[in-house]
Amino acid sequence: MKTFWTLNEQQYFEAPGLAATVFHDFYPEGKQGGLTLIQHGERVAACGDVRLEPTPGQWRPLPKVGERQVEGERVTVPAQFQEADIRYTVRLWPEGESLRVAVDLAEPLPAEWEGKIGFNLELYPGALFGKTFHLGETARVFPQQANGPMQRTGDCAQCPVPLANGPTLTVAPEDPLRRLVIESLGGEIHLYDGRNTDANGWFVAREVIRSGVTENALEWRITSHSDPEWRRDPVICISQVGYHPDQVKQAILELDPRTETLDTAVLKRLDAGGLTTTWADLPARWGRWLAYEYAIFDFSAVREPGMYVVQYGEQRTPPFAIHPEIYQRDVWQPTLETYFPVQMCHVEVRDGTRVWHGACHLDDALQAPAPHVHFDGYRQYDETETPYAPGEHIPHLDVGGWHDAGDYDLAAGSQARTTHTLALIRELFGVDTDQTTVKQDERLVLLHTPDGTPDIVEQVAHGALNLLSGYRATAGTEHPHSFHGIIEATLAQYTHLGDAATMTDNHIHDPSLAPGQIRCDEAGRIYTSRNDDRWAFTNHDSALEYMVAAALAASSRVLRGYEDDLADECLRTAIQVWEYEQAHAPVEQRAAYVPRGVEAQQIVAAVELLLTTGEERYRARLLELQPILEKVGRWVGGAIARALPAINDADFTATFRAILEAGNAEFAAELASNPFGIHWRPHVWGVGWQIQQYAVELYQLWLTFPDLIDREIVLRVVNYILGCHPASNVSLTSGVGARSITAAYGVNRAEWSYIPGGMVSGVALIRPDFPELKDPWPHLWQQTEYVMPGAANYIFCVLAADRMLNSGA
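So for the sequence shown, the working numbering puts the first residue at 1406; every next one is plus one.
Treat each hint with caution, since some may be false.
As the list claims (entries may be wrong) - Pairwise CB distance ranges (calculated):
hint, residue 1, residue 2, range
1, Ala1677, Thr2147, 38 to 44 Å
2, Leu1590, Asn1552, 28 to 34 Å
3, Gly1501, Asp1560, 40 to 46 Å
4, Asp1560, Ile2033, 53 to 59 Å
5, Ala1689, Thr1854, 46 to 52 Å
6, Pro1916, Thr1854, 50 to 56 Å
7, Trp1518, Asn1552, 26 to 32 Å
8, Thr1858, Ala1677, 37 to 43 Å
9, Leu2113, Gly1881, 45 to 51 Å
10, Ile2033, Thr2147, 44 to 50 Å
11, Arg1465, Ala2059, 53 to 59 Å
12, Glu2156, Gln2031, 36 to 42 Å
Said to hold, decoys possible - In silico lysine to aspartate or glutamate, EDC-like type, Cα no more than 16 Å apart, as pairs:
hint, residue 1, residue 2
13, Lys1844, Glu1753
14, Lys1469, Asp1490
15, Lys2036, Glu2066
16, Lys1536, Asp1580
17, Lys1673, Glu1730
18, Lys1469, Glu1488
19, Lys1521, Glu1478
20, Lys2179, Glu1447
21, Lys1844, Asp1756
22, Lys1844, Glu1832
23, Lys1673, Asp1686
24, Lys1469, Glu1434
25, Lys2036, Glu1984
26, Lys1521, Glu1579
27, Lys1521, Glu1476
28, Lys1536, Glu1593
29, Lys1521, Glu1593
30, Lys1673, Glu1624
31, Lys1673, Glu1719
Derived by calculation from the structure, the hints in this document are not laboratory data.
We put the CB at the ideal spot given by N, CA and C, even for glycine.
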């Protein structure tokens, strides 16, 4: 039988408007992996594989997948569930306009797994809302929200009931771009709504694997409708905010891979009277990158301030500005004035009549059990390294810090990196805006209410309070130190969505109290028998210690003159950390969010202490560390550049400059490998946070070596964050630009909402070559999750762009 599916060099199937990858990805927790179907530019199905549950969510058992094998037009992938001792093979091959899927077992299912294990294919809800499905005797519209029903079965109190069942599932027959048919060739398909059990769930087509057989224990025929005339609409990738007159201004055109002839691109000026053509040109073809063709429309010659749009074919961008003050208003301010205050822990946050959250986690925290490996990667080693027994309340931890990412934990590495970056923003750019009131004594934050203190100083103080809490809790011991972080003890709390103040009862757990009993101490703290307090993971790690010391030393400079007592404590603690670590061998106790690279962290700490104190011992140590600059220079370049005047050593400066020069060619080649001119190497998460980090380093290097650093590298990073990236042209900073991510993976994702100024990681790579940013869809953390360090770096990069373009350099 003639087939229109072909197996390409990257070992996935292609057909007109279609692609089917076969276990190229393996991140099913994030809906990447197994059999994946891309239909007319949309990834409509993923995670086609054998699973133990109908709607498996995060932290559920996963198979160990073997190496993909190709023979002719057939693809075979072996896999096994090791604990269940189930070995199987998934086979795929084309059959006319369909794909055949078969599952073979190494041996018949064990009796305890009969009727339980099945083959799942997950269907992306965002492509199906409002469309119909037809299965057996049921025809319905895919529901906008999870409606159940659920049932109690055995030990399962919340087991999903199928939406329908039958031998053939037809998806969206009314939509030629989304029509999909899944036929069982020997069993019955059940359709589930995975959102009934997991907030980030997809619809799931599932068939239970037959018992008593090995070969063809499951057989499906999948037919994705193809429109051979379909072509993907061009994406005009631009900054949603706009451009400074003096910078390079380019629209990157992302085109269907079958594009042969380029059209003229047009820049139009938008005035009160409408649109007028300002610049028109044939784009320069860049070539193939990943799944698409690219071309570049350069309109750098246009310098006149105003509002503009770019048009290519029938596609037109939202309006953006060209103006010398493009980065000075409503670009970084939402991040500092809304996002950071909203993320503040241990306080109530109000914005007029809106309460973002109440004063939360006032019962932080209990000593984590030892040893213990937490489901989110935190780890408590054999010893607590504190005076507190597992389960005992640790004082001083109920202050400062920001809720990390789309959840609520306080990871010391993230807190330190964020605090340090905010301190540098204050120093390097002199940010002094005041739009927020912070009343630490009242645990109250009021947005858009000036209080006379620069907002960024108050945010640095809030970060410093969190970083100091571990030292305060272990004061008087042989070795006061920072803690790895604080996080919820249970999955039920970790997945909490809603007001942070309702995660715990905010009363300290006292195991000596009888159920329902409470007591109050002289300070007014309330103790209860209820054990819902978060855990503190308390081990010492030298790289983390140096990172925290650097942040505290920098913070002390920023806080001086505003909170002198806090500034003194920050510097005193940073020096204490330095002296201890210098007198002891480095300790590495790896865990989530604990930095590695103790040598690099030591250099940064020495820099900040030198700049803060001017003491010779820190300068001398930096000179001693000169031989390792080549090894760690890429991570500490910005700090070293800032310290060169204080180091004041010609040989050191020459060595450092030579290291930079030696790495330039390789870095330039990497930037030239894609049409966006950025370092694009995603693992699972999008690269938005990573590229900002190197932009932060490059700006500091540019201040000292402007002849070595092309400012356009930093400006391209800012453009990327603001919309000039693959897959779409949406701004990755919520509420910034004409079109931005407004359904993000923040703490309010259940409402399909956003936090102004929150910055997401952005476009992910669906392997091997499909860039993706699902929007609107707030449930893929690797694409649309907010994180604090990314937000701080975003502020830094925007201010750096403005300074580079308006400083006269």
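Structure-based check of all given hints:
no., hint, verdict
1, Ala1677 <-> Thr2147: 38 to 44 Å, "27 Å, violated"
2, Leu1590 <-> Asn1552: 28 to 34 Å, "31 Å, holds"
3, Gly1501 <-> Asp1560: 40 to 46 Å, "44 Å, holds"
4, Asp1560 <-> Ile2033: 53 to 59 Å, "56 Å, holds"
5, Ala1689 <-> Thr1854: 46 to 52 Å, "50 Å, holds"
6, Pro1916 <-> Thr1854: 50 to 56 Å, "41 Å, violated"
7, Trp1518 <-> Asn1552: 26 to 32 Å, "30 Å, holds"
8, Thr1858 <-> Ala1677: 37 to 43 Å, "41 Å, holds"
9, Leu2113 <-> Gly1881: 45 to 51 Å, "49 Å, holds"
10, Ile2033 <-> Thr2147: 44 to 50 Å, "45 Å, holds"
11, Arg1465 <-> Ala2059: 53 to 59 Å, "56 Å, holds"
12, Glu2156 <-> Gln2031: 36 to 42 Å, "53 Å, violated"
13, Lys1844 <-> Glu1753, "10 Å, holds"
14, Lys1469 <-> Asp1490, "11 Å, holds"
15, Lys2036 <-> Glu2066, "14 Å, holds"
16, Lys1536 <-> Asp1580, "8 Å, holds"
17, Lys1673 <-> Glu1730, "20 Å, violated"
18, Lys1469 <-> Glu1488, "10 Å, holds"
19, Lys1521 <-> Glu1478, "31 Å, violated"
20, Lys2179 <-> Glu1447, "9 Å, holds"
21, Lys1844 <-> Asp1756, "14 Å, holds"
22, Lys1844 <-> Glu1832, "23 Å, violated"
23, Lys1673 <-> Asp1686, "12 Å, holds"
24, Lys1469 <-> Glu1434, "14 Å, holds"
25, Lys2036 <-> Glu1984, "24 Å, violated"
26, Lys1521 <-> Glu1579, "33 Å, violated"
27, Lys1521 <-> Glu1476, "31 Å, violated"
28, Lys1536 <-> Glu1593, "22 Å, violated"
29, Lys1521 <-> Glu1593, "14 Å, holds"
30, Lys1673 <-> Glu1624, "55 Å, violated"
31, Lys1673 <-> Glu1719, "14 Å, holds"
Comparing the model with each numbered hint stated earlier shows that hints 1, 6, 12, 17, 19, 22, 25, 26, 27, 28 and 30 do not hold.
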